[in-house]
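Residue 85 in the numbering used here is what sits at position 85 of the sequence shown, and the numbering runs on without skipping anything.
These are computed hints drawn from the structure, not numbers from a lab. For clarity, every value in this text was computed on a predicted model and none was experimentally measured. By construction, the Cβ of each residue, glycine as well, lies at the ideal position given by its N, Cα and C atoms. It is possible that part of the hints are untrue.
[Said to hold, decoys possible] Label-pair distances were calculated between CB atoms; the ranges are:
(1) N45 <-> V67: 29 to 39 angstroms
(2) A59 <-> S31: 31 to 41 angstroms
(3) V74 <-> L25: 46 to 56 angstroms
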Amino acid sequence: MSEATTQSENNTNGIKIPVLEREELILNKRSYNWITERICGVVENRQPFLWWILFIPSAIIALVGVVGGLTYLVSTGVGVWGNTNRVMWGWPIVNFV
1 MSEATTQSEN NTNGIKIPVL EREELILNKR SYNWITERIC GVVENRQPFL
51 WWILFIPSAI IALVGVVGGL TYLVSTGVGV WGNTNRVMWG WPIVNFV
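Work out the full structure: start from the sequences and follow the hints.
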């Protein structure tokens with residue numbers, strides 16, 4: 001069976017099949033260095049002032065949420081996770097401790 005498919009794939013009946021050219025992966029004649037600088041520049045360059053204005057309140061809100069959530073969890077117990085079955089209590093206790 002594999003011989004039949006091999007023969008049919010190789011048989012073109014004298015028709016020449018044109019070879020298609022590959023599309024360029026890097027357009028506009030850019031170099032690999034340009035791509036690296038563009039990607040790494042997001043982290044390595046100085047951020048604009050507006051970025052800091054938006055980042056600092058977001059970080060404070062996240063910190064308050066984490067501290068508030070942990071405070072609520074410690075003061076109430078792992079029951080806040082919704083475990084009502086005694087058999088399932090092992091998983092939250094192991095993860096909490």
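Here is how each hint holds up against the structure:
no.: 1; hint: N45 <-> V67: 29 to 39 angstroms; in the structure: holds (32 angstroms)
no.: 2; hint: A59 <-> S31: 31 to 41 angstroms; in the structure: holds (36 angstroms)
no.: 3; hint: V74 <-> L25: 46 to 56 angstroms; in the structure: holds (53 angstroms)
Violation of the numbered hints given earlier is absent; every hint is satisfied by the structure.
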